[in-house]
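Participant: Taking the working numbering, the leading residue of the sequence shown gets 820, the next gets one more, and so forth.
Simulated from the structure, these hints should not be mistaken for lab results.
It is possible that some hints are incorrect.
What the hints assert, rightly or not - Distance windows between CB atoms, simulated:
1) 1041 with 980: 23 to 31 Å
2) 1173 with 1198: 19 to 27 Å
3) 1087 with 881: 19 to 27 Å
4) 892 with 1031: 52 to 60 Å
5) 981 with 1038: 54 to 62 Å
6) 1041 with 1139: 42 to 50 Å
7) 981 with 905: 48 to 56 Å
8) 977 with 893: 38 to 46 Å
9) 905 with 1021: 20 to 28 Å
Unchecked claim - SDA-like cross-link-like pairs, simulated, lysine to any residue; straight-line CA separation at most 25 Å:
10) 1136 with 1163
11) 832 with 1058
12) 832 with 1094
13) 1136 with 1016
14) 832 with 842
Glycine residues also receive a C-beta, built at the ideal position from the N, C-alpha and C atoms.
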Amino acid sequence: MLNRVVVAPSGFKESLSAPAAADAIAAGVRRVLPDAEIDRVPLVDGGEGTAVALARATSGRLVALAATGPVGEPVGTHFALLGGQDTAVVEMAAVAGLSLVPRTRRDPGATTTYGVGELIRAALDHGVRRILVGCGDSGTSDGGAGALQALGARLLDADGAELPFGGRELLRLARVDAAGLDPRLGEVELVVACNPYNVLCGERGVARVFGPQKGATPRQVVELSAGLENWARVLTRDLAVTGVDLRLGRGTGASGGLGAGLASLGAALLPRFPVLLDHLGLDERLARADLVVTAEGALDRQTPRGKVPAEVARRAKLSGRPVLALAGTLGEGAGEVPGVDACHGILPGPMELAEALVRGAELLTDATERALRMIILGARLPSTSRTWGSAPDPAPQTPEGPTWPDVSGTQRPSTVR
């Protein structure tokens, strides 16, 4: 019996927020299990919705303000003040996310994290003692250069002129003047919640892995990678960075290299899920579930590398809970994510990406219904301990002779369990 279903999805980039995805899945569950208790736990990974989710979970509040967006123009944004804690949450996606970059202006060589620095300054104005920066869903690849500029650092070329915004400018960086950095940074704990698998440079550097998703051409990927190499070198030298390798350290590539930029100021780069999900009481909620449903835009070989469905599955298995994962696309390795018992794509057939993004909620609800009906059908089918291709088990004996389960419409007893 599926009496309690925990719905714990991530958002679907450029289509559904995590709360919207949770609502869509819950609607599909309700079609099949109208009396089930549904516990919605929309999950955040540091990207879109992080500040809202943590403010809500802690009875905190949002602070609205205007700041510089990723293309250099003002945007309405916010940060969170957590309830009962002296902590602010700065969500980089709320001011420098990919969704804030118009499709016609997607050039990661030009976008900036300047607004992230402005949000950190605004949080400092509120007198907090701890600032948690959530990384994810970025539209930038400037290594956090813009954020440092907003916090008072001067980025200078060989002639002593200040660099304009954008990752492509980092190739010309000759010196970082840190004399004007906001002194309050030394009085707070700065924590970056990030994917530890993302690094700034090297073969798996952030420009190579994520640059194309943000609009970079192959030539721009090479240009951005070289600029970030120079950025790591100059930062390490001029800010006397010790204790972290800005090139290859875990999490330095978070949000187009924002992790490296903030690490140069002394920020701790921490794996995002322990930092973020403990505010939501996720483990306790999963332990009470009969079924866990998680979801994300894509399920593939990258999923175990710090993605929400893999983390949900890992935690659910600590309590022995079954896990269904739904995804917009199922790539290579989708069926091999540890802890995921079954996966299901939400597209019923070939579809243009633009249409799928617009119809995300509808597709996710319908897919949830289809998957649950299959689960219930499987639970109703007779089960045996043998596998397909093995010799049939001897039929149970009765005084009237051998008997078999009723398997009308099948060729042999089902092994679905």
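Participant: Please name the hints from earlier in the document that this structure breaks, with their numbers sorted from lowest to highest.
Facilitator: Numbers 2, 4, 5, 7, 8, 9, 11, in rising order.
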